[in-house]
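2 protein chains.
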Amino acid sequence: MSTLEQVSAARCFGGIQAVYRHASAETKTPMRFSVFTPPHEIGAKLPVLWFLAGLTCTEENFTLKAGAQRVAAELGLMLVTPDTSPRATGVDGAGASWDFGDGAGFYLDATQAPWARHWRMESYVTQELPELLATHFPWRRESLGLFGHSMGGHGALTLALRHPGACRSVSAFAPVAAPTHCPWGVKAFTNYLGDHRSTWAAHDATELVKSGARAPALLVDQGEADKFLEEQLLVDRFEAACRAAGQSLTLRRHAGYDHGYFFIASFIEDHLRFHADALKVA
Amino acid sequence: MSTLEQVSAARCFGGIQAVYRHASAETKTPMRFSVFTPPHEIGAKLPVLWFLAGLTCTEENFTLKAGAQRVAAELGLMLVTPDTSPRATGVDGAGASWDFGDGAGFYLDATQAPWARHWRMESYVTQELPELLATHFPWRRESLGLFGHSMGGHGALTLALRHPGACRSVSAFAPVAAPTHCPWGVKAFTNYLGDHRSTWAAHDATELVKSGARAPALLVDQGEADKFLEEQLLVDRFEAACRAAGQSLTLRRHAGYDHGYFFIASFIEDHLRFHADALKVA
Numbered sequence: 002m003s004t005l006e007q008v009s010a011a012r013c014f015g016g017i018q019a020v021y022r023h024a025s026a027e028t029k030t031p032m033r034f035s036v037f038t039p040p041h042e043i044g045a046k047l048p049v050l051w052f053l054a055g056l057t058c059t060e061e062n063f064t065l066k067a068g069a070q071r072v073a074a075e076l077g078l079m080l081v082t083p084d085t086s087p088r089a090t091g092v093d094g095a096g097a098s099w100d101f102g103d104g105a106g107f108y109l110d111a112t113q114a115p116w117a118r119h120w121r122m123e124s125y126v127t128q129e130l131p132e133l134l135a136t137h138f139p140w141r142r143e144s145l146g147l148f149g150h151s152m153g154g155h156g157a158l159t160l161a162l163r164h165p166g167a168c169r170s171v172s173a174f175a176p177v178a179a180p181t182h183c184p185w186g187v188k189a190f191t192n193y194l195g196d197h198r199s200t201w202a203a204h205d206a207t208e209l210v211k212s213g214a215r216a217p218a219l220l221v222d223q224g225e226a227d228k229f230l231e232e233q234l235l236v237d238r239f240e241a242a243c244r245a246a247g248q249s250l251t252l253r254r255h256a257g258y259d260h261g262y263f264f265i266a267s268f269i270e271d272h273l274r275f276h277a278d279a280l281k282v283a
Numbered sequence: 002m003s004t005l006e007q008v009s010a011a012r013c014f015g016g017i018q019a020v021y022r023h024a025s026a027e028t029k030t031p032m033r034f035s036v037f038t039p040p041h042e043i044g045a046k047l048p049v050l051w052f053l054a055g056l057t058c059t060e061e062n063f064t065l066k067a068g069a070q071r072v073a074a075e076l077g078l079m080l081v082t083p084d085t086s087p088r089a090t091g092v093d094g095a096g097a098s099w100d101f102g103d104g105a106g107f108y109l110d111a112t113q114a115p116w117a118r119h120w121r122m123e124s125y126v127t128q129e130l131p132e133l134l135a136t137h138f139p140w141r142r143e144s145l146g147l148f149g150h151s152m153g154g155h156g157a158l159t160l161a162l163r164h165p166g167a168c169r170s171v172s173a174f175a176p177v178a179a180p181t182h183c184p185w186g187v188k189a190f191t192n193y194l195g196d197h198r199s200t201w202a203a204h205d206a207t208e209l210v211k212s213g214a215r216a217p218a219l220l221v222d223q224g225e226a227d228k229f230l231e232e233q234l235l236v237d238r239f240e241a242a243c244r245a246a247g248q249s250l251t252l253r254r255h256a257g258y259d260h261g262y263f264f265i266a267s268f269i270e271d272h273l274r275f276h277a278d279a280l281k282v283a
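From first to last, the protein sequence lines are chains A and B. Positions in the first sequence are counted from 1; adding 1 to them yields my numbering. Positions in the second sequence are counted from 1; adding 1 to them yields my numbering.
Chain A on its own, in the form it takes in the complex:
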């Protein structure tokens, strides 16, 4: 178990908003994550809600811009946001594009060189980081919710579908919902997983639902003015797959909203209350 170094901590809505750094065994790099701990009684164990961020983001974007701490403090939810990829790996080309490599881990374990050594975000998020959290924080471990935005919405949906029982509630903002059919996904999967498309479906939320995987009842919010909706997100395909398969999905389309954090902030309270209901903390 690696040690945790606290990078920063600030009081926020009666709780503590902190950032930690540790040496990750999975990614073989230093990794950062942010944790909001709500006000709570000493000795209490808390439900945790993980937020997976999108392309180009670090642990900082959601922490600074989503305005989630207010309602998390009210509901007694811890919020955890990991970084979106390993950093400073020295891998050639890792920083060459904004939609691949650094800041674009896609929440899977790469199988192809040179990415396979460090790009192990699925194992990092589903195994290493939960162990670390359980050791160092007052987490009631059976109470885990998962949500995310864009590439992180893809992460939340696919990790929930791939790891049944791992989380009790799942939601997403503007997720990359059918990555085998969009340019971001094709670029990432080709590089991380190789040319054999047969391996891709296991990391595509729409394909996973089609092939029988199930998640808890889902909430997805989507802005109708999101410039990535038609080419990259393909939320309609996911909706059709859920309907055909009987996967419970509440998909809300919001006129005028784009892909950014002002959209997330506008509906973050609904997501936190949705998770709190499922985690039985409200």
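One thing to keep in mind: the hints can contain errors.
To be verified - Quick partial rundown of chain A residues pointing at chain B, CB under 10 angstroms, derived from the structure:
1) 66
2) 261
3) 262
What the hints assert, rightly or not - According to the in silico footprint, chain B covers these stretches of chain A (three or more CB under 8 angstroms from chain B):
4) 4–16
5) 67–73
Rather than coming from a laboratory, the hints here were simulated on the basis of the structure. In this text, a Cβ means the ideal position worked out from N, Cα and C, and glycines have one as well.
Following the hints, position chain B against chain A.
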């Protein structure tokens, strides 16, 4: 009247969060400001709340981090945040320190070379920008509230005290409350106003109150873990001056909170409701 260029716009809590750019006659540079327009009926005129940001900030910090739009949307308040100084002036030394020059306009009109030509933030904020707002936005002009943080808290307090009747409500987070007695203020005033300290008192909230200036009832929030409190902010001096002079002041000290935007976000709702009450919009 200069034309306005919209730099960005995004739907946010049912309203619009936008950034504009224009050629300022006062600073003789392009200037940016952000505007949140809440949902409102066509033709309605809205009260405006100006937020003046602190050292190193632009119009972006408050807009992204304070979480103010949610309650502003509920209360029907416009939010306006100007930049904190002229930019790209070409003046030697303007970018040399983080607490002076670029990002550090101190909301006054400089009288000393080389600063006097561009550093005219008092005239910009009290004259040019209001004219622009009144022309291009649905502002009910008699309804103006002013608030700010740190150097911007200094700005809110001093501009309200120097321009009686200009605003109906004033509040501040961790203001630089006695700048003639702190390093940030001494550095700025020496450079912008010259060595004659007699000219400084007119830009120091504590000295203004002592010499008889009055503002509407004030709300000030201060974190007790703020590392700048003892040396730079000197809020105690301001409190003593208000008490002695009969200036109404509600000063709230918050255990454990620091100088950052998590502190601001934690109490922003109280400030918006305080202003809304004074502006009679709630």
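In rising order, the numbers of the hints this structure does not comply with: Nothing - there is no hint that the structure violates, so all of them hold.
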